[in-house]
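Visitor: Each chain, written out:
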Amino acid sequence: MGLFRSKGSGRAALEMEAAPSPGEPPEEVRRALAAFLRVQAGALEEAIREQGLKLQQAEGLMGEAVRGFGEALQELDVLAKNQYELAMELHRVLEVSLEGQSGTQSVEAFASSIRGTLDLFVQAMMEIGKYSFQLVDEMESIQVRSASMGESLGELAEVATRTHMLALNASIEAAHARKYGAGFSVVAGEVQKLADRSGKISDQISSQMRETGEVLARAQTQAGLIASNDFNEIIHSKQSAETMVTAISESEIRAQALVARMEEVGMAVRAQVGRSIQALQFEDMVRQILRGVTVGSGHLAAFSAKLQALAHEVDLGGRPLAGLMLQAAREFEAFGEPAHNSVQAASMDSGDVELF
Amino acid sequence: MEFKTVVDSGCATVHLDGRLAYGVYPDFRAATLAALEHPAATRIQLDMSGVTFLDSSVLGMILYFNQKARAAHKELAIVRPSAQVAEVLKIVNFSKLVPILP
Numbered sequence: 001m002g003l004f005r006s007k008g009s010g011r012a013a014l015e016m017e018a019a020p021s022p023g024e025p026p027e028e029v030r031r032a033l034a035a036f037l038r039v040q041a042g043a044l045e046e047a048i049r050e051q052g053l054k055l056q057q058a059e060g061l062m063g064e065a066v067r068g069f070g071e072a073l074q075e076l077d078v079l080a081k082n083q084y085e086l087a088m089e090l091h092r093v094l095e096v097s098l099e100g101q102s103g104t105q106s107v108e109a110f111a112s113s114i115r116g117t118l119d120l121f122v123q124a125m126m127e128i129g130k131y132s133f134q135l136v137d138e139m140e141s142i143q144v145r146s147a148s149m150g151e152s153l154g155e156l157a158e159v160a161t162r163t164h165m166l167a168l169n170a171s172i173e174a175a176h177a178r179k180y181g182a183g184f185s186v187v188a189g190e191v192q193k194l195a196d197r198s199g200k201i202s203d204q205i206s207s208q209m210r211e212t213g214e215v216l217a218r219a220q221t222q223a224g225l226i227a228s229n230d231f232n233e234i235i236h237s238k239q240s241a242e243t244m245v246t247a248i249s250e251s252e253i254r255a256q257a258l259v260a261r262m263e264e265v266g267m268a269v270r271a272q273v274g275r276s277i278q279a280l281q282f283e284d285m286v287r288q289i290l291r292g293v294t295v296g297s298g299h300l301a302a303f304s305a306k307l308q309a310l311a312h313e314v315d316l317g318g319r320p321l322a323g324l325m326l327q328a329a330r331e332f333e334a335f336g337e338p339a340h341n342s343v344q345a346a347s348m349d350s351g352d353v354e355l356f
Numbered sequence: 001m002e003f004k005t006v007v008d009s010g011c012a013t014v015h016l017d018g019r020l021a022y023g024v025y026p027d028f029r030a031a032t033l034a035a036l037e038h039p040a041a042t043r044i045q046l047d048m049s050g051v052t053f054l055d056s057s058v059l060g061m062i063l064y065f066n067q068k069a070r071a072a073h074k075e076l077a078i079v080r081p082s083a084q085v086a087e088v089l090k091i092v093n094f095s096k097l098v099p100i101l102p
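Residue numbers (this note's numbering), protein chains in the order written: chain A, 1 to 356; chain B, 1 to 102.
Source of the hints: derived by calculation from the structure; they are not laboratory data.
What you are looking at is a predicted structure, and each value in this text was computed from that prediction instead of being measured.
Glycine is no exception: its CB is placed at the ideal position from the N, C-alpha and C atoms.
Incorrect hints may have been included.
[Unchecked claim] Which residues of chain B face chain A? A few of them, derived with a C-beta cut under 10 Å, are:
#1 Gly23
#2 Thr52
#3 Leu59
#4 Gly60
#5 Met61
#6 Val88
#7 Val92
#8 Asn93
#9 Ser95
#10 Ile100
With the hints as constraints, model all of the structure from the sequences given.
Guide: Written out as structure tokens, the structure is:
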């Protein structure tokens, strides 16, 4: 393009050279000039053709890349939207468990309830243990008293035996007294009956006491078994359950934070996809630039044709060489149009917008 | 297994040691009753620094003794529990029932 831009100084030089020329240059010079012009025009045409092919190739590659990139971005936009909706759904699910609905509990409330229940259960077990030891002590006390009552019954039996012996002796003495001891004999007989009855009652009570003692011994054993009940496994289960409940509560909090983060990332991805899609408009700008280059190539082709025509004229020799060159200089001025100023992909605040 | 009871400055301290389970109850009862019935003792401490194992039945044993101590208007506390004992007492929140002192 520098050839067109230097039109002012070139034209002046040609005018200065043409004016004082008294005659035409030799034939060899004219032919050499014509040959030179043809070679230049041919080289220019070849360059234009090659550049045209490269432009077409670049435009095709760019279009294909932009299409592929655009499709990928649209797919990414759909995926980001799906991801965001999934995060929102998960958020709603977690909110249900956190805030609770009718008939459901929040995780925190559930954890608190579990801890409270386990505390109550363990305390109840300890209270049972306490009362079991109290029962053991009281059973022992009853057994001591029962033994004491047994001793008293033994003494009672001894009294009955001795009373029986006394009544027997009294009967013998009454027999010795003959008719004077008849009344005394009756009394001795009654005392003996009472002694027998007292002995039988004492035997019955002793028998019942033995049975009661056996029952008490069994009850004491049972109380001891209850008191000795080791619920260490329950205590450790309580600890495990509390650890698990704490872990669940912490997981709930972490899940909430992760979902919130997922939502943020999803929104950010969608925003970036939107920006990328907007940035794809550079395709239009590049096409506009390429079209401008194509138009410029057309101008160059016309310039090459002019050069060919000029070479032909010079070769014919029908017109003075200086006149031909002046005419060519004027015609070439038309090719010196200012370069087109397109908008930039990075910013659309300045530049000439033609397509959108 | 006999447990030693020491009375000093109005405080009776029962030194429990070894593995505590249901079988130690007669000795536990004898030692704690001695502390409870000591006329100079207004406070009772169960020193559990030497306890290497604690069966959960012992918790009921201590609660029962705490009930008797309260009835006798005497304060009961567990002191210097070993690591094993402290862990069990912590799990069951025993400090809500009987004071635990380091």
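Visitor: Would you mind marking each hint as holding or not holding in the structure?
Guide: Here is how each hint holds up against the structure:
no.: 1; hint: Gly23; in the structure: holds, 8 Å
no.: 2; hint: Thr52; in the structure: violated, 14 Å
no.: 3; hint: Leu59; in the structure: holds, 5 Å
no.: 4; hint: Gly60; in the structure: holds, 2 Å
no.: 5; hint: Met61; in the structure: holds, 6 Å
no.: 6; hint: Val88; in the structure: holds, 6 Å
no.: 7; hint: Val92; in the structure: holds, 5 Å
no.: 8; hint: Asn93; in the structure: holds, 6 Å
no.: 9; hint: Ser95; in the structure: violated, 12 Å
no.: 10; hint: Ile100; in the structure: violated, 14 Å
Hint check: violations occur at hints 2, 9, 10; the rest are consistent with the structure.
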